[in-house]
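Peer 1: The sequence shown begins at 1 in full-length UniProt numbering and counts up one residue at a time.
FYI, nobody ran anything at the bench for these hints, they're computed from the structure. A quick note: this is a predicted structure, and the numbers were derived from the prediction, not measured. Please note that the accuracy of each hint is not assured.
In silico SDA-like links for lysine to any residue, alpha-carbon gap of 20 Å or less [said to hold, decoys possible]: (1) 1118 - 1081; (2) 358 - 218; (3) 468 - 488; (4) 681 - 571; (5) 1118 - 1105; (6) 1118 - 1063; (7) 482 - 568; (8) 312 - 361; (9) 1092 - 1009; (10) 791 - 781; (11) 1092 - 1051; (12) 468 - 564; (13) 571 - 513; (14) 1100 - 1157; (15) 454 - 443; (16) 526 - 516; (17) 571 - 443; (18) 825 - 841.
Computed Cβ-Cβ distance ranges for the label pairs, DEER-style [what the hints assert, rightly or not]: (19) 368 - 163: 30 to 38 Å; (20) 172 - 130: 25 to 33 Å; (21) 738 - 492: 36 to 44 Å; (22) 728 - 575: 20 to 28 Å; (23) 397 - 450: 46 to 54 Å; (24) 397 - 501: 21 to 29 Å; (25) 620 - 379: 53 to 61 Å; (26) 1034 - 620: 56 to 64 Å.
All C-beta atoms in this analysis are idealised placements derived from N, C-alpha and C, irrespective of residue type, glycine included.
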Amino acid sequence: MSSPEPEEPRRGSRVRKQVNKFDASQQNGKGKRKHVEDQEDDDQEGLISDPEDESDHEPAPKKKKPAAPRKPRASAGTTKKSGPKAKTKPAAEGVREITEKTDSPLFNALQQPDIALQPLIDEWIETYQQAAGDETSEQKSIHELVVFFIRCCGMATEIEQAEATDDDGIPDVIERVQDESVHVALATYPLISKAKNFKPFHSNLNEFISHFISSLALTPILFHTADNTPHSSLLIPLLLNWLMCMSSSTLRPIRHTSTYMTLRINSALCDVAADVSKDLSVKQRQRDAEVRKAGVTNAAQKRVKAAEDRVKEVQERKQTLEELMQEIFDVMFVHRVRDADPNIRTDCLRELGVWAKKYPDYYVSTSYLSYFTRGCNDTHTHARLETVKALANLYSRETFINNARTLTMRLAPRVTEMATRDVDLSVRVVALQVITLIDRTGILQDEEDEERDKVAKLVYDQEPRIRKAAGAFILGLWEERKEGLKAVWSGLRANKKKRAANIAEDEMSNYLDWKSLAAVLLYTSKSLDDDSSEQPSALKSALFIPSLSNTQMTRATAAVESIGAEHELWKDWESLVDYLLVDHSTNEEDMWLLREDEETFMLQVLLACIEREENEEDEPDRTKTLIKVLPRLFAKHQGDVGRMTGILSIPGHMNLSLYLDMRMSSAYESLWDDISKQFLKYTSPTILTASISAIGHLVANSSLSSINEAKLSELQESLFASLRDAIGSEDVALVTLDDEQISHLEAIMLRITLLQRSMDLVDVMEDEEGQQSSGWDIICAFADRGKLGYKEEATMVDYAVQIIFLHVTWLFKRFSKEDAQDATKVDLLCTRRDTALQTFSPLFLGETTNTANAVRRQAFISFINTHVLFAKRAEGRGRAPASDVCSVAVPDEIQHRLGGAFQAAIERYASVMETRSAGQEESQQPRELTPDEIQEDLHFFQLVSVFVGAIRCGVLEVEHAKEPLAHYSRFGPTYDSIVKKLVDVLRDEGIYNREADAVQHVAGSALQQSFNIFLDSEEDEPTAPLALARVIATAFVIHGSQFAILRQLHPSDVCDFHLEALDFVSRKFSTTVKQEGNARNKEQKSRLTRKKWAVLTFFKVLVPLLGPVTGKDALKIKAHLEDVIDSSGVQLTTNKGWDGYRAYEKRLIGIASKDPNVKMMASKKVVEREDTEG
1 MSSPEPEEPR
11 RGSRVRKQVN
21 KFDASQQNGK
31 GKRKHVEDQE
41 DDDQEGLISD
51 PEDESDHEPA
61 PKKKKPAAPR
71 KPRASAGTTK
81 KSGPKAKTKP
91 AAEGVREITE
101 KTDSPLFNAL
111 QQPDIALQPL
121 IDEWIETYQQ
131 AAGDETSEQK
141 SIHELVVFFI
151 RCCGMATEIE
161 QAEATDDDGI
171 PDVIERVQDE
181 SVHVALATYP
191 LISKAKNFKP
201 FHSNLNEFIS
211 HFISSLALTP
221 ILFHTADNTP
231 HSSLLIPLLL
241 NWLMCMSSST
251 LRPIRHTSTY
261 MTLRINSALC
271 DVAADVSKDL
281 SVKQRQRDAE
291 VRKAGVTNAA
301 QKRVKAAEDR
311 VKEVQERKQT
321 LEELMQEIFD
331 VMFVHRVRDA
341 DPNIRTDCLR
351 ELGVWAKKYP
361 DYYVSTSYLS
371 YFTRGCNDTH
381 THARLETVKA
391 LANLYSRETF
401 INNARTLTMR
411 LAPRVTEMAT
421 RDVDLSVRVV
431 ALQVITLIDR
441 TGILQDEEDE
451 ERDKVAKLVY
461 DQEPRIRKAA
471 GAFILGLWEE
481 RKEGLKAVWS
491 GLRANKKKRA
501 ANIAEDEMSN
511 YLDWKSLAAV
521 LLYTSKSLDD
531 DSSEQPSALK
541 SALFIPSLSN
551 TQMTRATAAV
561 ESIGAEHELW
571 KDWESLVDYL
581 LVDHSTNEED
591 MWLLREDEET
601 FMLQVLLACI
611 EREENEEDEP
621 DRTKTLIKVL
631 PRLFAKHQGD
641 VGRMTGILSI
651 PGHMNLSLYL
661 DMRMSSAYES
671 LWDDISKQFL
681 KYTSPTILTA
691 SISAIGHLVA
701 NSSLSSINEA
711 KLSELQESLF
721 ASLRDAIGSE
731 DVALVTLDDE
741 QISHLEAIML
751 RITLLQRSMD
761 LVDVMEDEEG
771 QQSSGWDIIC
781 AFADRGKLGY
791 KEEATMVDYA
801 VQIIFLHVTW
811 LFKRFSKEDA
821 QDATKVDLLC
831 TRRDTALQTF
841 SPLFLGETTN
851 TANAVRRQAF
861 ISFINTHVLF
871 AKRAEGRGRA
881 PASDVCSVAV
891 PDEIQHRLGG
901 AFQAAIERYA
911 SVMETRSAGQ
921 EESQQPRELT
931 PDEIQEDLHF
941 FQLVSVFVGA
951 IRCGVLEVEH
961 AKEPLAHYSR
971 FGPTYDSIVK
981 KLVDVLRDEG
991 IYNREADAVQ
1001 HVAGSALQQS
1011 FNIFLDSEED
1021 EPTAPLALAR
1031 VIATAFVIHG
1041 SQFAILRQLH
1051 PSDVCDFHLE
1061 ALDFVSRKFS
1071 TTVKQEGNAR
1081 NKEQKSRLTR
1091 KKWAVLTFFK
1101 VLVPLLGPVT
1111 GKDALKIKAH
1121 LEDVIDSSGV
1131 QLTTNKGWDG
1141 YRAYEKRLIG
1151 IASKDPNVKM
1161 MASKKVVERE
1171 DTEG
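Let's have the full structure, built from the sequences with the hints guiding it.
Peer 2: Below, the structure is given as structure tokens:
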């Protein structure tokens, strides 16, 4: 066969590659083939969308006689790397294997991590200087550099020495390099390679270019012209010609590497030009000095002339350098900054910033800096990042803004947009730094405040890095507001300062500082609320000052964190306390006082500062200060719930043992009284929780335990005394309560509930004060009122049920092994447990249906949790003494009723979800859940988790897992993550406990119920049943590493499961077909036809559950499947509705065909048939 003629290159000098797949195992690196193909695609894309690439330097395609491939010489220049011994496939026909060339000493040196490059550079320069006048030696030196360039591109092409200095033949040489690279399996090139031997290449290349140019600057070579050079050609223009021709190559390795090297050469030229400019300035001053002191003598005139000559010489050097830089910019930069390869664009933009910083006299002008506008709008993240980094470096120089004011005006809106909206976090952070530097120049103040407001809002962003980056900008606004406020204060008349007459000047200055900060932060917060759509990621405004132990970020905390990145704001918190303790009620008359909203916000700032300033060294001083100011804060903010919540968090940041060291026991008792007063006064759960947290910190102070015990006992007695006073002598079961009494009792119950969650109240609950009833009896009586079904009492009864369960839990916890020998204590525990269960069960299992839903839910949860608590546990599974002597089990009848109650709760929540979705469809846009809806979801998921937990603990039988599993993938990911735990129970029961029948029943029932729900819906695909099937499938098989099957259900059990499922679908399908045939109108017939096809989708659901089935069982299932279809009387058609059936049948056939036992049976039958026929 004759070989095909080589194709000519296409127009644009780009050759279409016709190569076979390359075997990456021939390369030293692993997994290179895919990278190679992607890279070659990028090479061609790099110039398709870039018309600038087809410049005058690109070589025109020429027809050349293909040269015979040369055999590599067995020399040091063509050695191969040794690798592991392994079989490698031969290279594809027409594709040569890349052989790493080592014929360039300079290139080899760059691969050494710790090599001194300066001696190599000096040696080369000395050789080149000595070669002046010797064309052969000169060609050899330049040839060494050109080969170095080619090797850096990853190419192994060889060129002749004469070609290196042939200025006109450079395009032809580059074309040849490109043509040869087409027939080579191109791997990653050194500049971007991650190979171990190329790790030092990048840094060494930068160092080499910098030292090379700086060393040339010490010789006349860099500044030679065509008139005075002793060499046959100018060195730098020749090298730049090579690199700039290479930079227009269609191959990315050549284009990227040569562009990068040219950019680095220009950066090095900028260093030289900056030094030359300084030298020129010195020479000019020397000349001016000589001119001033010059006389009429010949010697004086000679000195002037010599000075003029030196200035002229330096000016010529500067002009030569600027001409080189301008040529690089015009010929290479303007094209490559538009390159399709983002890495090349990134390098250009980064180096442009370097040039402007190193040589601002030349590059700080609109004609060069306007390219940053392109960089800010680049689609690639790294290009935008390098652009804003370059701008940050430039704007950090004070003199830059004077020469770039026009550019700044044009860039500011775009940089602001990047800071607020960019998708990359790093870009946003650096853009924020840039806009902050721009703002310091005052340019943004001259424009509208809208841009500044956008940036200021970032102080409340959710991302910590953004908040910290915005700190400097907010600090600038604060300084600006301080100056304005102090100017206004100094301009006020004396009668406007009467109230501040006794305040020192320094103290007033601090007050004005805090006032200005409050104005800035609150204005920004309000503007964010007014335009929430502009900053969707901003933190929501907190309605109350949160406890400092809360992990939720508030705006005040965010502001302190942001400003703290630039200024240690928290160290001035003592002056802020003094300012907040001032009476701010006359703020309308006195401009230095805070408004009410500002005072609330600054109190939050104070709490954030106290938290941030926390360290062991300053703790004693901080505590001493807080001991003095805390009573004053309590007294001043008694009536404000939000502020009091934050103040109650302060004891958690104090060293309370100092009260004893300072002999301030009375102050400690006063602190107890203040906190207890807040607990007994307020009804807000937020402030009650904060009070209990503060009480917990006080109780933990063991140095004053006597005071703690007395005060805590006093608090508990006061709490239950208020409960007894609320009912008086009335019978709880018969008393009629008005709205005010109900609210009062709700508050008392809430206090008991919250306090009981954090500490043991058993003694005070069981205490019968005088002839009055104990707290336990009163609470149980209130819980029994839940059966009456009064909606207004639902919350009170809910709290009562919680208190009963918590009381039994504390009894369970304090019961010890010694108590197990005490019959009285055992009897008390059992009695309280039974009373609790008897109280709970009628509330959700009773015949009356008027019990409030909240009460039903809480009673259901408490009933199950009580059984979980007292369930009999096996050895080593957390056995407790109380569960050993007072264990209890749930009867089967009660278990079934619990399942019914759970199903009723599911149906109620499903109706709620339908109502929500209907409202959302009407509004035609997604909406956020309201707090009540979130609370409703939380209660439902709590109920589900308790029910699932009881099944996992063995309190409820596995059979009841079918109720929650049936609604899998119906109520969202939270529900699914809870219910998915039941799969572990099914796996344990079926595989380890050998209870396959129970698993079949639960899985089948859940799957059928889920499918029935799907049929009743308007959905087209059985999404939820299919998701449930995939989850249940994991209970049939236990996989090990690499999907190896460790254990599984017996195949016959899975086969029975499928047979039962087929019977289910058979009944459904037959019924639907009959109904369709009896339909009386078109609408009914259409609905039943749709249902018929929906029933057939059940086969899709069964496909994932075929895992453990064997070939023999597959044939059995297939036979039953055919019977199901035959019994329905429906013929198979090509309708898409039968796709699920076909997929199921195909899977069965595939299982059977792979089973060797089935194959053997089939072959035996064939043999028997042949024998019979013979």
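Peer 1: Within a Cα-Cα threshold of 20 Å, do residue 358 and residue 218 meet the stated pairing?
Peer 2: Between residue 358 and residue 218 the Cα gap is close to 19 Å, so the pair holds against 20 Å.
Peer 1: If you check the beta carbons of residue 172 and residue 130, does the distance land in 25 to 33 Å?
Peer 2: Hint holds: Cβ distance 30 Å, inside 25 to 33 Å.
Peer 1: Starting from the hint 20 to 28 Å, judge whether the C-beta atoms of residue 728 and residue 575 obey it.
Peer 2: violated (52 Å)
Peer 1: Taking only the CA atoms, is the gap from residue 1118 to residue 1105 under or equal to 20 Å?
Peer 2: Roughly 14 Å between the alpha carbons, so the hint for residue 1118 and residue 1105 holds.
Peer 1: Run the distance test for residue 454 versus residue 443: straight-line Cα separation, threshold 20 Å.
Peer 2: It holds: about 16 Å lies between the C-alpha atoms, which stays within 20 Å.
Peer 1: Has the given pair, residue 468 with residue 564, been kept, meaning a C-alpha gap of at most 20 Å?
Peer 2: Holds, at roughly 8 Å.
Peer 1: Hinted pair, alpha-carbon criterion (20 Å max): residue 571, residue 443. Please report holds or violated.
Peer 2: violated (32 Å)
Peer 1: Is the hinted pair residue 312 and residue 361 satisfied, with a Cα-Cα distance of at most 20 Å?
Peer 2: holds (19 Å)
Peer 1: A range of 46 to 54 Å was offered for this pair. Does it hold for the Cβ distance of residue 397 and residue 450?
Peer 2: violated (28 Å)
Peer 1: Given the hinted pair residue 1092 and residue 1009, is their Cα-Cα distance within 20 Å?
Peer 2: Answer holds: residue 1092 to residue 1009 is near 17 Å, not above 20 Å.
Peer 1: Taking only the CA atoms, is the gap from residue 1118 to residue 1081 under or equal to 20 Å?
Peer 2: violated (36 Å)
Peer 1: Hint says 30 to 38 Å; check whether the CB-CB distance for residue 368 and residue 163 agrees.
Peer 2: With a Cβ separation near 35 Å, residue 368 and residue 163 satisfy 30 to 38 Å, so the hint holds.
Hint compliance for this structure: hints 1, 3, 4, 11, 14, 17, 18, 21, 22, 23 and 24 are not met, and every other hint is.
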